[in-house]
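Protein chains: 2
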Amino acid sequence: MARGEVDVLTIGNAIVDVIAKVDDAFVERNGLVKGSMNLIDEARAEELYNSMGPAIEISGGSAGNTAAGVASFGGKAAYFGKIKADQLGGIFRHDMRAQGVQFDSVAATSGPATARSFILVTPEGERTMNTYLGACVHLSENDVDEKIVAAAKVTYMEGYLWDRQEAKEAFKLAAKIARKAGKLTSITLSDSFCVERHRESFLDLIKNDIDIVFANETEIKSLYLTQSFDGALQALRKDCETAVVTRSAAGSVVAHGEAVLVIPAIAIPCVVDVTGAGDLYAAGFLFGLTQGIGHARSAQLGSLAAAEVISHVGARPEVNLRQHAKEAGLL
Amino acid sequence: MARGEVDVLTIGNAIVDVIAKVDDAFVERNGLVKGSMNLIDEARAEELYNSMGPAIEISGGSAGNTAAGVASFGGKAAYFGKIKADQLGGIFRHDMRAQGVQFDSVAATSGPATARSFILVTPEGERTMNTYLGACVHLSENDVDEKIVAAAKVTYMEGYLWDRQEAKEAFKLAAKIARKAGKLTSITLSDSFCVERHRESFLDLIKNDIDIVFANETEIKSLYLTQSFDGALQALRKDCETAVVTRSAAGSVVAHGEAVLVIPAIAIPCVVDVTGAGDLYAAGFLFGLTQGIGHARSAQLGSLAAAEVISHVGARPEVNLRQHAKEAGLL
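Protein chains in written order, with the working numbering: chain P, 1 to 331; chain F, 1 to 331.
Errors might be hidden in some of the hints.
What the hints assert, rightly or not - Covered by chain P, per the in silico footprint, the following chain F stretches (three or more residues, Cβ under 8 Å):
{"hint": "1", "region": "51-61"}
{"hint": "2", "region": "151-165"}
Claimed, not checked - Taking lysine-lysine pairs in the DSS-like style, the calculated list, with each CA pair at most 27 Å apart, reads:
{"hint": "3", "chain 1": "F", "residue 1": "K147", "chain 2": "P", "residue 2": "K21"}
{"hint": "4", "chain 1": "P", "residue 1": "K180", "chain 2": "P", "residue 2": "K153"}
{"hint": "5", "chain 1": "F", "residue 1": "K238", "chain 2": "F", "residue 2": "K147"}
{"hint": "6", "chain 1": "F", "residue 1": "K147", "chain 2": "F", "residue 2": "K180"}
{"hint": "7", "chain 1": "F", "residue 1": "K180", "chain 2": "F", "residue 2": "K221"}
{"hint": "8", "chain 1": "F", "residue 1": "K221", "chain 2": "F", "residue 2": "K207"}
{"hint": "9", "chain 1": "P", "residue 1": "K168", "chain 2": "P", "residue 2": "K180"}
{"hint": "10", "chain 1": "F", "residue 1": "K147", "chain 2": "P", "residue 2": "K326"}
{"hint": "11", "chain 1": "P", "residue 1": "K21", "chain 2": "F", "residue 2": "K326"}
Hint data in this document are derived by calculation from the structure and do not stem from the laboratory.
C-beta atoms are modelled at their ideal positions from N, C-alpha and C, and glycine is treated no differently.
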């Protein structure tokens, strides 16, 4: 792809999803909290995999899914993430590039294997993620290509990076470069447990270094330690320029300056697998924003992309989102 | 799983499917014949993969799919096939065992990687397969575990094995052991191009060593070099005890002794991906047969399993076929 200007650069843990359908009893028996993301070590990964049924492998990773979504909308997307030079790493790189995402992060040649997340999908479509970070532990400041950051209209990062010090430093460096270049910075809070682990640090980051915050309802409540959605939203509005909060079937809320927009979700007949809903919402919103489309329409693109991704197994779009948005009259 | 008696043992190329949706132009541009299986070398595999869009990885392999189907029906299934001790090989083994298939073939520790088939699915659901055999080239007589063959009610082998001399020898050895133990032998002709490559040799095998032949309409026409379906069927009836011929939407025909049964296909609203249709038909038929269910009902189980597998992407069942068959009143 052409280098030069980038619409959206995303940075995150490069992960191959290993998806299996399970029943509620399996989730319970394994002591998991439905809907959560759990970090697991290699031994636990092996144990869990051995107890799981047949699975399918699809490239994933929160920010990776977002980059794929932006590219599917026709935006120029780039990605930083750490794979190993192994078969799963090759699959991950292929899938990014085949989607049109610029992905040149150097693969690790030693150390742990490419990350995988064992995603257990229960009958109602909820997913419980168990992530073995593997090669992601090598993501560091060395992987931040200054030219690409400076060329990107928005640099978007996943909160999951906060779980490792080196990745956190990489994140901070990228935010600094982006700001210096007069570009936008953005974060997703990723998961309420992730927020719990890093509350103070996230608050500090949001107040000082981030323009656009993506989160869901549970995450902002956890961030501000409140049971009130409105209370949490008002607090977030004070702390960042643009707050984008998703509320599952209740749609989403975009707060920017004085305006608060409420955007309905797009109803679909059958939720198959919610994995990637937030990632694809962010893809639609950021694509719209970087094309100069207003906040309301951008949020609608987010809803459209989220609805598509939850209608099938896997966290990346199965259709061309640009075409899909045109058919829906949004582009 | 318990060892001891096995209902169906299948032997084939152990392959991970790499599935991508493509348009007709892609198939044409790459000089491929829609619906065919092409053997490709490593360089061509790389070239094709680089030109394909994002894909998903699912364990496959014709006979592997059949074993998975038998296990999903609740039958005791075993499998011989050659993987390498690499990540894709680990995925293949996991998916077999997680489905309940006994799979103990020793993984190769050197030589080419685990086989993969690049499966291009065009909008109408037809698939074009491009298979890099990789580690399958190591499948040989050493992989034929005599005890398991002798314990299996049916030993079923894919015609694709005929493309390599060592695999062919393994196949012949297994057939010999099965016959000696008083058990049934079975083959699928796999693909009309495969039949063309091995016509005389297949005919010789069928006449002398095989009890049950699975084939589709095109394959038997190619086998007997005739344009007449009836002519080909009559010829096949003379050459083997049981002939099972699938005809896509027109259903299937089972010829056994004097009887010729015509079984309708099960109509489904939308064909998504025909990969595995024949493999799963064979699974249903062989499961039924080994449970002492008659030919007609066994063929209906085959139709049921085929209809399930073509209603989604991937060549292995997504539902529990035993449960599914019970709901359909077939078990």
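Taking the hints in turn, this is what the structure says about them:
1. 51-61: Our answer is that it holds, as 8 residues pass the Cβ test (under 8 Å) against chain P, meeting three.
2. 151-165: This one is violated; 0 residues, fewer than the three required, reach chain P with a Cβ under 8 Å.
3. K147/F to K21/P: At roughly 34 Å apart (the allowed maximum being 27 Å), K21/P and K147/F break the hint.
4. K180/P to K153/P: holds (12 Å)
5. K238/F to K147/F: violated (31 Å)
6. K147/F to K180/F: Within the cut-off at roughly 12 Å; holds.
7. K180/F to K221/F: violated (31 Å)
8. K221/F to K207/F: holds (17 Å)
9. K168/P to K180/P: Satisfied, since the Cα-Cα distance of roughly 18 Å is no more than 27 Å.
10. K147/F to K326/P: Outside the cut-off at roughly 61 Å; violated.
11. K21/P to K326/F: The hint holds at about 21 Å.
The structure does not agree with the numbered hints 2, 3, 5, 7 and 10 stated previously, though it agrees with the rest.
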